Amino acid sequence: MREIDVNEVTALVSRLFQEANFLLPADVIESLQAALAREESPLGRDVLEALLKNAGIAARERVPLCQDTGLAAVFAEVGQEVHFSGGSFVAAVDRGVAAAQAEGYLRASVVSGACFERANTGDNTPAVLHTELVAGDRVNITVLPKGGGSENMSRLAMLKPADGVEGIINFVLETVGLAGANPCPPIFLGVGIGGTMDRAALLSKQALLRPAGSPSADGRLAQLEADLLEKVNALGIGPGGFGGTVTCLGVAIEEYPCHIASLPVAVNIQCNSARRAAGSL
Amino acid sequence: MAEPVRLKPPLSEDDARSLEAGTRVLVSGTVFTARDAAHRRLIESIDRGEELPFDLEGQVIYYVGPTPASPGKPVGSAGPTTSSRVDRYTPQLLARGVRAVIGKGDRGPEVAAALKENGAVYLAAVGGAGALLAGRIASAEVIAWPELGTEAVYRFEVEDFPAIVVMDSRGGNLYESGRKLFRR
Ligand code: SF4
Chain D
1 MREIDVNEVT
11 ALVSRLFQEA
21 NFLLPADVIE
31 SLQAALAREE
41 SPLGRDVLEA
51 LLKNAGIAAR
61 ERVPLCQDTG
71 LAAVFAEVGQ
81 EVHFSGGSFV
91 AAVDRGVAAA
101 QAEGYLRASV
111 VSGACFERAN
121 TGDNTPAVLH
131 TELVAGDRVN
141 ITVLPKGGGS
151 ENMSRLAMLK
161 PADGVEGIIN
171 FVLETVGLAG
181 ANPCPPIFLG
191 VGIGGTMDRA
201 ALLSKQALLR
211 PAGSPSADGR
221 LAQLEADLLE
231 KVNALGIGPG
241 GFGGTVTCLG
251 VAIEEYPCHI
261 ASLPVAVNIQ
271 CNSARRAAGS
281 L
Chain G
282 MAEPVRLKPP
292 LSEDDARSLE
302 AGTRVLVSGT
312 VFTARDAAHR
322 RLIESIDRGE
332 ELPFDLEGQV
342 IYYVGPTPAS
352 PGKPVGSAGP
362 TTSSRVDRYT
372 PQLLARGVRA
382 VIGKGDRGPE
392 VAAALKENGA
402 VYLAAVGGAG
412 ALLAGRIASA
422 EVIAWPELGT
432 EAVYRFEVED
442 FPAIVVMDSR
452 GGNLYESGRK
462 LFRR
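Protein chains in written order, with the working numbering: chain D, 1 to 281; chain G, 282 to 465.
Rather than coming from a laboratory, the hints here were simulated on the basis of the structure.
Incorrect hints may have been included.
To be verified - Computed list of lysine-lysine pairs in DSBU-like fashion (alpha-carbon distance at most 35 Å, straight line): (1) D:K53 with G:K354; (2) G:K289 with G:K354; (3) D:K160 with G:K397; (4) D:K231 with G:K289; (5) G:K289 with D:K53; (6) D:K231 with D:K53; (7) G:K461 with D:K53; (8) G:K289 with G:K461; (9) G:K289 with G:K397; (10) G:K397 with G:K461; (11) D:K231 with D:K160.
Treat the numbers as computed from the prediction; the structure is a model and nothing was measured.
In isolation and in its complexed conformation, chain G is listed as follows:
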């Protein structure tokens, strides 16, 4: 297997467009978390023309609702959650410059189209590996909507956070191609 590609957000459109489905990546730097509830609020803020808790341009959004941090740890278990629950919000965020989103599971055609149009990628982290992935998160800070608890927006500083490009900006989809390759 090829060595993983290193990604350091903020990412440019060229960075995102150069990535191909099936490529392993290691993300280092800042990523922002958002689950369903935070997505709804981000979109509401955009609709009202308010300032967002973070500038979306070039950023990476990670779909995760961590467990509470135990004493002495920056964060609890922190693996990806199912992405399709935010499909309806994703195109708007990609149109505003988000270059990569990290989650798990299939996405709808509206997301595939928005990845192509805007030049962005959908990455998957290993679902069920929350303890391992937490070890790649050096710090975690709630930056918006603390009342949402685990669903608040966190800023994570990550180091060599492992993920795989599942959907690229050219229509490639690892879930589809991988399944075809191994179907008996």
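Extracted from the complex, chain D is given alone in its bound form:
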């Protein structure tokens, strides 16, 4: 058994949320650069240049990449031989989110009483925390500050098995078409297929953790990712939604077995500010 003080969890979560909000991941920057080389619309190239400049300024001056510094989605893989000491792991994660908000001058974008009060919690907590038990004695934490603009355009459908791959493709295209300029294109798409309603949604967000340009290990899913990318880009929405050939920078699919009667499909849209950061204890 390995003992880990929860204060280490707090420190790691705080560092990761700040890093994520100031440093756009290298794979995202590379895909923006590649997009700039192939975008045919002059206005679209203007937008891509602005986003690349923005990433430089954010990193140099420690100004958040986007003013929506996101809802704190946290994915924790906890080795089953770990024992946490010094208090609650969940509370430690939230303290990390709050510390990042204060130290990094991030925006408090969370309200409690979602239905009635909608009162700002003041420190961007609570996180939406997904914890998975894994083998070993390490803790891996990945944070994904998620913007409201792109999250709001995400959708889920409980398709019929007979709808098949064609149904999945149509649903993805319909979702991106409806989203238009709202999720700040160029976007990334996380697609969760299978499981239950909730599992499909979780898979779609987990798919966004995969670095840009790393296809599914399953050859047929990798092909479907490539086909979807091409079809989405043929929609013409373009950078900023001003029209163009690059609407989407990458599609990642995650799959899980499902009920014989079901074909759940979730599409989680991620904006150009595709922020994430990972670390371990």
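Given the coordinates of chain D, work out where chain G with the ligand should sit on it, guided by the hints.
Here is chain G with the ligand on its own, set in the frame of chain D:
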């Protein structure tokens, strides 16, 4: 591409009516911020016949909720937020003289109609470029409803703030025309 058109608020109806969807602009001068909560309060104040925190005539409203300013900076990250959340309030503000609004994303038909009727434009700034756009904001001051935090009304003094005309006063819509042009 044509050079950007320079806009210095307050804008006249003619200024607004001369702008065409797809035109790049650079705004210099004063703009006021308002998100959903501030819009609701502005409309409530109008309904009660109260004085507004700023005179709407000719003004530019920017839909933004900045991050807190870090020491030594006038403002934090400050890019546009989704405009459609304030669609229901926009026609009333345009009827009272607001000439341009800056945000991102599609707007409803009520906004398109109000732009035409009153002579105003909907501009988009690049969503996701909050750090870059913050560099064009020389000063920021909360002028109303500080209790709303990031949603308070700020007066920004901006310099060469870049945006694009998405919807003009003649029914032009860059989101629609751009998408059509590049659809394969
Ligand atoms: S959708 Fe993303 S890039 Fe656009 S404003 Fe929201 S967080 Fe920023």
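A quick look at each hint next to the structure:
no.: 1; hint: D:K53 with G:K354; result: holds (19 Å)
no.: 2; hint: G:K289 with G:K354; result: holds (24 Å)
no.: 3; hint: D:K160 with G:K397; result: violated (45 Å)
no.: 4; hint: D:K231 with G:K289; result: violated (42 Å)
no.: 5; hint: G:K289 with D:K53; result: holds (25 Å)
no.: 6; hint: D:K231 with D:K53; result: holds (28 Å)
no.: 7; hint: G:K461 with D:K53; result: holds (28 Å)
no.: 8; hint: G:K289 with G:K461; result: holds (32 Å)
no.: 9; hint: G:K289 with G:K397; result: holds (21 Å)
no.: 10; hint: G:K397 with G:K461; result: holds (22 Å)
no.: 11; hint: D:K231 with D:K160; result: holds (22 Å)
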